[in-house]
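Construct the complete structure from the given sequences, taking the supplied hints into account.
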Amino acid sequence: MRRAALCTLVFALLLPAQSVTYERLVHALGEQQNWLTYWGDYSAVRHRDLKQINAANVKNLRIDWIYQTGQAGSFEAMPLVVDGVMYVTGGNGYAYALDARSGRQLWLYKHAFPPGRKAGGVNRGFAILGDRLFMVTPDANVVALDARTGRLLWQTEMAEYNKGQYTATLAPIAIKDKIIVGISGAEFGIRGFIDAYDAATGKRVWRFWTVPAKGEPGGDTWLGDSWTRGGGSTWMTGTYDAQLNTLYWGVGNPGPDLHGDSRKGDNLYTCSLVALDPDTGKLKWHFQYSPHDTHDWDAAETPVLLDLKWKGRDRKLVVQANRNAFFYVLDRETGEFLLGKPFARQNWATELDAKGRPILMKNQEPSPEGSRVCPGLAGAANWMAPSYNPETKLFYFAVREQCDVYYTNPPVYIQGRPFWGSVSRGVTDEPEWGMLKALDPLTGETRWDFRYFHAPWAGTLSTAGGLIFAGDQDGYLMAFDASSGKNLWRLNTGNPIVNSPMTYMVGGRQYVTMPSGSAVITFALPE
Amino acid sequence: MRIGGIVLLLLCSSVARSQTDLDLADGKATFRSNCAFCHGLTGGGGRGPALASGRFLHGSTDDDIKTVIRGGVPGTTMPSFEFEKDELDHLVAYVKSLSGSGSGTHASSVSGDAGRGRQIYERSGCAGCHRIGTEGSVYGPELTRIGAGRSPEYIRESIVNPSADIPEEFTGVTVILRDGKRIKGVRINEDTFTVQLRDASQNFRMFQKDDVQQVMHETKSLMPAYGSLSQEDLQNLLAYLESLQGDLNAGAGVKKEKGIR
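Here the protein sequences line up with chains A and B, keeping their order. Read the first sequence against the working numbering and you will find it ends at 527, with the numbers running on by one and no gaps. Read the second sequence against the working numbering and you will find it ends at 261, with the numbers running on by one and no gaps.
Just so you know, the hints here were simulated from the structure itself, not pulled from any lab data. Model, not experiment: these values are computed from the prediction. Ideal placement from N, C-alpha and C gives every residue a C-beta, glycine not left out. Treat each hint with caution, since some may be false.
Here are some, though not all, of the chain B residues that point toward chain A, as calculated from beta-carbon distances under 8 Å [claimed, not checked]: (1) R32; (2) S33; (3) D62; (4) E190.
Here it is, written out as structure tokens:
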């Protein structure tokens, strides 16, 4: 008996660490114990077929371990878990490898910022491919690390720093041999793009400009040379359909955010979903949710890929609860608009036309005197992740109910400075609130909702245990019955949750992790 | 040559003037979208003090005003703002232009007898909810510097119709317990699952929402309306409140003692 155990141990030591191949990423949902991409897989359903923690026993869930990063600022990173190792990025250029069972640190990486650069800022996580991890940095670099040691392998600047107008926050996505990333900075007068880098060398393979130049298709949707500072950040990770070989990416707001007169036109491809060929970066189709946006309604919310029976026919869909307060269903092969329905208060569009274009109400434009518009600048939904449960067939997401007064004023472009075209302000005396909403994606109808006291910045996780995990702005991590919406468990983490929960298994035990404050907090049932 | 010089001079002054106008317009836009809600569109005051009076409690030099804008006023609802240097310059220039002159003197806009007003304050039991300096209750808003922080019109309305504008931090909440008992107080904090109040006896009252029947948010102010005060009494009371400028002799000072060295 002892000898057998020893043999197993020696054998395990001799085996090389399993490499995360592209094949493994394509079939990530087949590895329920792991969490291999930012979204958990390529489709972003964020549902796990794990039921050790379930509706009957979740009341016993308790903190199992806490890892304190010591980094101030919003903790927005989604950990990856690969065969018992957790890889997580923190703020300010830090990243960590942890024992996913104990929270003990395996290595720490600290990005070296050249003098004079902004060294602060959030980060949303890693991509993994082979034995390499990939992350972006607040000074707009892509870095590749050795997953075994945290050693820097290559570093590539995405764009010239230009006094900090370019920055990067998202988790990259690894497809085949490429690392695909987006950029932030539409508030600083950038021209946005999506980039692909060779995972082996860090060399850029292609770039898709989210704002077309004059003369290019879509270039005529920009007044004069406004496209040169047209914004169109790509600050959230895209989703990917390996069968269709198509990458789906939400594009952010046009710039200047709140001053539309200086950029008359639809301002493609801002506030749009773009479908790209990941091998070449070529555009397959696009759908613009908010043409000529003047409310900062980025389309950065998760484009979730669902295969559902749509009006009697199996269809490949992409659904999004958009910041503009409408829930959209598109055909992801063609971009055809199938459904658009408000899920929160809105007073800017009377309806969407047959092609999904909003028909605008009066007085919804920002004005020098201020215009009250719902939703507010932060939107009725935002980047926090939704989830889809294939058993209940419901889409679970966080809703923000909040309106703003929008002002406008012609902006002056100065490099490195905000290029907003004025400001927005919360409507005083109008309380904000939020909801966890369970919605039927085939109809856009709400099945149930649970009201939060404040508008949340935390997303959801669905499990086969009949549970939806969610967080709120007052610091609660909560578990809900997926069918009824009943709150079954909660714990106050002591800090607004600005992230989404995830789950994994190690050694036959299921864990739920929720970064909050500056800590990675991991929960489990008592052993 | 001389004529040319004069033309050039005129040109320059015209350019300079238009630049000033541009700067003021920029300052006005910044003011309108950031400051006007509390200080009024033309600086007449409201939730925040009047700025058109030329009187600045924290100093009237450009640097004084900038310090207030950048740092806010601790203990008040004045938040801190981040502006670029030129934006701040333009904003301060605009704020000063509201009063027509850069320097201000204190001239109370309220006619009335502050001494008598104080008697009305005491007689009406205001200290049962409000405090001035260290005297009175912490249940309602502190009035130590109310005359500096609010316009007279705002204070008058707060007395005769307190529900017209309820500061968020003084929202009234009534909790109905399972046995039907009602507990009313000022909301100190609230989240999805809990609520914390301060009752009129200045005690904290804390509840899990699961444990109570109902949590009701009052739409009216917890303060009773004092519309029955005579015009003269109201004017005297206003004069008294207007005189409360946060002066040290009114007990507003925080005692600070040096530690052992």
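Out of the numbered hints, which ones does the structure contradict?
Number 3 only.
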